[in-house]
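Top line first, the protein sequences correspond to chains G and C.
In terms of the working numbering, the first sequence opens at residue 188 and continues consecutively.
In terms of the working numbering, the second sequence opens at residue 319 and continues consecutively.
There could be a bad hint or two in this list.
[Stated by the list, open to error] Keeping only pairs whose Cα atoms sit at most 27 Å apart, straight-line, the calculated DSSO-like set for lysine-lysine is:
no., chain 1, residue 1, chain 2, residue 2
1, G, K1163, G, K1027
2, G, K1028, G, K967
3, G, K1261, C, K521
4, C, K521, G, K934
5, G, K1151, G, K1163
6, C, K621, G, K1261
7, C, K554, G, K625
8, G, K1234, G, K1275
9, G, K1275, C, K621
10, G, K1187, C, K521
11, G, K727, G, K574
12, C, K485, G, K1209
13, G, K1275, C, K554
14, G, K1287, C, K660
15, G, K886, G, K712
16, C, K521, G, K942
17, C, K557, G, K934
18, G, K934, C, K554
19, G, K521, G, K718
20, G, K1187, C, K485
21, G, K1163, G, K1234
22, C, K621, G, K675
23, G, K623, C, K621
24, G, K1388, G, K1234
25, G, K1078, G, K886
26, G, K934, C, K621
27, G, K727, G, K521
28, G, K1261, C, K554
29, C, K485, G, K1190
30, G, K1275, C, K521
31, C, K485, G, K1151
32, C, K621, G, K766
Rather than coming from a laboratory, the hints here were simulated on the basis of the structure.
This one's a predicted model, so the numbers in the text were calculated from it and none came from an experiment.
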Amino acid sequence: MSLLRAVLPGPGRLRGAGIPWSILRSYSSASAKEKAKRNATCERTELLEVLKARVKQLQATNVPEVTVNKVELAPVGNEKYQDPLQKVVARREEGESPARPSSWVQKLKEEMHIQKLKMGQTSPIAASELALEAEVEDKAKDKVKGKAKDKKSLKTPKTKVVAAWSQSHAGSHGVHGKPTVAAVKAGVKVPRRRVLDDKESSQFKILQQTVQSNLECFLFLQQPEEAERFLLMYHRSPAKRKLLNVSAYNVVMRSWARKGRLQRINRLFSMLERAGLRPNLDSYAAALECMGRNPFSTKAIWRFMQQLKHDGFHVDELFQKCLFEEDEKEKVLKAIRMIHPNYELPPAPSSQTCNSSLLQDFYSKEKMLPYPKLDFSAQELRECFQKQLELEMNNTITIESVESSKPLTPQALKARKLLATLRSQWHDSVLQALQKSKHNMSKLKTASKYNVLYPYLCLLPEDEYVGIMLEMLNTLSPQGESLAVLAKELGSKVYNRYITQRKLHSGQLEKLREVYEDYIQLLAKDSQPAKYLPREYWEKLVAEAGFGPSLTLKSCSWSYMLLMRLGMHMLELLVQAVKMPRNILNPRLEPRLIPALYHIYSFRSSWQVGLIKPHPVFSQIMSDAAETMLTFNSSAIPMLCPPVPWTSPNFGAFVLNDTTLMRFVDGAVQHQLLLEQCPLVNLHPVLDALNQLGNCAWKINQPVLDIIISIFNDKGNEKLDIPPPISEAPMPPAAPSNPSSLNKAQKHELLLYKKKAAEMHSLRMDALYKLSIANYVRDKVFWFPHNMDFRGRTYPCPPYFNHLGNDVTRAILLFAEGRPLGPKGLDWLKIHLINLTGLKKNNSLQERLEYANEIMEEILDSADHPLTGRKWWMNTDEPWQALACCMEVAKASRSPDPAAYISHFPVHQDGSCNGLQHYAALGRDLIGAISVNLMPCSVPQDVYSAVARQVEELRKKDAEHGVKIAQVLQGFISRKVVKQTVMTVVYGVTRYGGRLQMEKRLKEIDDFPEEYLWEASHYLVKQVFNGIKEMFSATRDIQNWLTESAKLIAQSGRTVEWVTPLGLPIVQPYYRSKSTVLNCSMQNLSVKSTSSNQKPDTVKQKNAFPPNFIHSLDSTHMMLTALHCLRQGLTFVSVHDCYWTHALTVDVMNEVCRQQFVALHSEKILQDLSEFMLEKYCSPDRETRAPWQKKLMEQLSNVPKTGELDLKNVMDSTYFFS
Amino acid sequence: MLAGRAPPGAAGCCRRLLAATLAAGLRPLLRGPPPCWATARRAAGQWPSPGLRVPEAAEAERLVQQVQQTSVAVRRFIACPRLARTVQRCLQSGASPGSPPVLLECEPGPGVLTRTLLNAGVRVVALESNPAFLPNLQSLENSLDGQLKVIYGDFCRLDPLVTGTLKPPAICSEKLFETMGVAAVPWRADSPVKIFGILPQSKERLRLWRHLFALYECSSIYRYGRAELNVFISEKEYKEPWSSFLTNSKNGGLAIPKSVRLPNDHLCLVRLTPQQNLFTGGLNPTNSAIFIFMVKQCLAKPKSRLIDRLNSWSLDNSSQLLRELEIPENAQTRNVYPEDYKRLFEALQNTNIFTETWWHDEIFETVRNINL
């Protein structure tokens, strides 16, 4: 019976397209009278139709695990084979009150919709749901009968099912909303929906994930008994059993397999069957591993192999799909060879090549060049790898800050001594508190009281937990930090260390090291050149070594809630345990221990935020001690060896540190799911581009760094963007003896001072981190591994110090690789210098070069006497980069042969208003294209001035017609006033936001009459929008089309998704957030949870789509340029729309950049987008089509018309990127 | 408003907090049959009824509709003459003998209530923020012999915290009171002014909070004495939410499905008069911000125990303190009487936790954050 049920797909497996929420809301409102009027037969036929339609959809969506045909065949009358839904229908027909048919249709649609949103769920859950239902139903019947006597409406059989469901949920977990009497009364529909919601609720998923990760903890701790006890706790309770899926059982099997206990595994197999679940490949792998470890009779092996085949699997699949750890693979192989002595491992799947038309040249083997070599020998790279490995094994690194060169005061010495004693006390007391809490938890063994955190507090040695907690004390700012942030930080630190430990234990690190040592051959200068990309080479090596997919860990992520809960627990321990004597700074006070941290609420308008703040006494000691050691996570330091190439969404970048390919906001899982579902070959271009960016080697510009540090350690300089130390802050107004005696103005002043001090502190710390890390790697060559955000924009992983930083950080970075300047290199350096000054923006390149030659004396003076000379460099837009460039120009021009001078200096080329460039190209807007330099011109065009001119013309006209505000604005319209608004138009700024920007600009103009601010800004923003509309007519249409499409899609209850021309799938992660309250003793935390079944946030989906789409295009352009630059042998990095390369290769890069822009926009981008969305959101074979669908279809097919621009012109446009 | 125990319950804690702090300083509006106002009317300072025609509801509605198009913020007006009469009776009830204070009517709009009040012989100052309503009101003002005074200004933007010159309709209380001709009286004296208004529902709670701060600091309108505030506020700010009550449901939920939940869409007329004895204990206008801060900290998690809160403030003798105040040691913060909070504050002033520790920094921030 249970097997049969398992075969039948339950309601949990169906997928389909969504319907608008408005319909969902209205379906339950049909009155009983209305329902009674309809007849039952009609209902039945309609149901069948819907089921058929559903099956068709299912076949279309092509989900491998779903066996769909059964649904169609299941006869309505045969109760035995019905899914619960049909059962209800059948009973309904027997009963007296037939439902309104259309409501059934809608309900089915709704289910499909929910299923559709579910995405990642696997079928076993559905099966378990079914089996469970059967049990619960039987048991619950009697219970319900008792209750039903009082209430007539409960007597009909159909409500029994409902009540049973409700009961099962009531018993399951307190977190679910309880079904109420009223809900049962309301009839079948409401509770039925509730059940589905419950199954899908984020609570349910979080619980399921928590059970899974709990079991994994026991596996890691090698405690199969504990794991099994935990599993049984859930397995035995019918209500809790539905939280278990087959992988939960698998984890326990694996922990027994490691001990070679076959009986236990047999028992688990029978438990699986009882639970109505089917064993999967991993289950068989565990069983075979067990038998390989502990040779049993071949009969047992035969039996399992038979069953494996019976379940539709093939032996080869074990080695292709399962992720093995340690020696699991060998053991499985051994077991198989006991019965098939000649069994050979299946060959590695042949690698596929991406067939994107944009990259045909790039991937064609004939044209492929050997991969460029680094200036390192294999031995040197091996040493680099060793260093990086050691760094990551330690998890954290403590480095000297750049402030350490300052002399120590006696006061500091005293404070440091004090801190050292306090810390050793704290270490002991925190350790004690941790042990005590663990002890208390370990005593709670019953299911109801079981503390889920316990295993997580056992994963690491106790000292490591204490270390993590005490580390937090050192970095806490005097202003305090929100509880949620701290809890997340603590939780993730534990998680990261656990992952490191797992990688060590599972042997994954050893395998990786083996592959990496060979991988070095691709890059080392003393090895054979190879015509491979890093990713291809890595894949080849992995295949040769026969590791298969086992380099990746089995998925083991902890839910966001769990991280928070763990973090909160640690935080509570910390606040309780860390105390210090009150009289530490003031001996006159009576001695008493007070907490060093306190918890307080801060009130922000209508909501409250819990903060953890250090006691002022503690802050005082910390600032007195002026400690100069900084501790960082190892992932905050640039890599000391070339990054591990990205080969899949889960593998790449750091050696041990867990990095995701796509950055996401807390708790959002959609991106990762989407990437995992996407065929890997489609991701190849993106992975290769990221590898290319990450493989650029860097070094430090030491002279510039030294100058910066000297200013930093002196008094800072706000004008040069070197934040001054806190001691330089303006003094507060006379310290009041009694704070309450201040008057309002004084209080205000004091507040301003405090705000300023807090700002200065955070700026100072940020700069301190950056400079200290730069100082730490000053003699090394280093790499920035890259990942990307959900639109494909790329970012270096180390957070503080990287080339995306401000002027100061960019100025201290140089390419590690040097290239001669070549014939035009020096000129490019000079032009780059003038670009950095912000002068001569509207002049041609030639004029800029001439200007540079004119002021050569100033340049040389700046380079030679940066701090004592005439300081020309200080008055430029980007002073530090300008200074660095001055020095480079000086060195190059003084070298005997400038063309042969080896330069490491990156030269930048900026896209002018890159967003508008993409828009203009998409819409083929001629006038717009000229103003953003898509057309060749002798001097660079400036779109802001063009818009300002346009607005001024409109204003003049209005002024002549006697419009008052137009007259007032005479002489106030300038490039500066309109610039910000024009810039942000691309990013979807609204009238409202635009007006605020305008108001700000007008306020900055001193003699602008204040009383006209509102009216004038209102008028101006209107005219700017009009001006842009005239210049970029198609652009506005495209923007509106994108916005409107996104709106309709979001209203239909789905998120906006698209695929970039390079094949990267994108989903907009904006949902109406639901928050779950995390009850902790210190404070209740409201945690925003995201799960795939959430409703999209229509406003955000709509407003963000145009800018996100444009960003996905600019990232595509950047990646294309990166890949083709690689083919040309260039060094290339990017800061979004600013591309960097050597002076020698600027011309080549510009060429490639323009070519790729033309190639990209020669694709039918909007057409493709429209087709993709039509396919995704309105599949044509849908039988029933609601009006909203027609509307959406119309909208999506109605691609905006484009203008007359001939894109080829871009090829000759000098100022496209300049 | 709440006279006694701070309400229990889990949700709506911010609201409860407001109620508790309000209750400590304000006397609730007593509801009951109005006292014999007909006799009071003849007392000194009453004006004879001018016998004005009060516009009918439909007429008022037309007036409002015409004007409303030019205004951005949503406002509410009394249109029904019967409601106006009821409000007028409420406003005049409970008046102490002696000359009745002047009545400041905020946002009179079409002037239905204004006329009703004038007919009842009340001296009215009308504070109107919408210039479109002003001409009508001003012509009314001119037709009377000083019984009505019309001022252009916005009560919601009274004493804004921004620095610099005030742009009308923002108005400062000094100017307002000077125009009204009301002088400051000692705190223990009777109300120098009655104020009537309808609180806008946007940022309603914040507006109430601001009044609370002004009251405890004796600033703004409270610099002139115990101003009596008669305001319509939304029911949810005034009445007990269901969540305040204990239920026998296991998860502490509402036990009432959302679909049948009663809508909270009424406005309630509430009279708020500061208590005479507010500043008799250790509380005074200069340290009152600390008091508010203390109560807020306590009620941020209403189910927590008071003693835990006290302990987290580095007090070492908190249990002794509670014993002395006769507050049960296991009391949850939501169950502590408003008066007890006041006594707790006074007792804590004797220890030095407010001056010695981190308190005053935090209080500054809270004061800043309450600004609208």
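Original post:
Any of the earlier hints contradicted here, and which numbers?
Top reply: Going through the list in order, the structure violates hints 2, 7, 14, 17, 18, 19, 21, 26 and respects the others.
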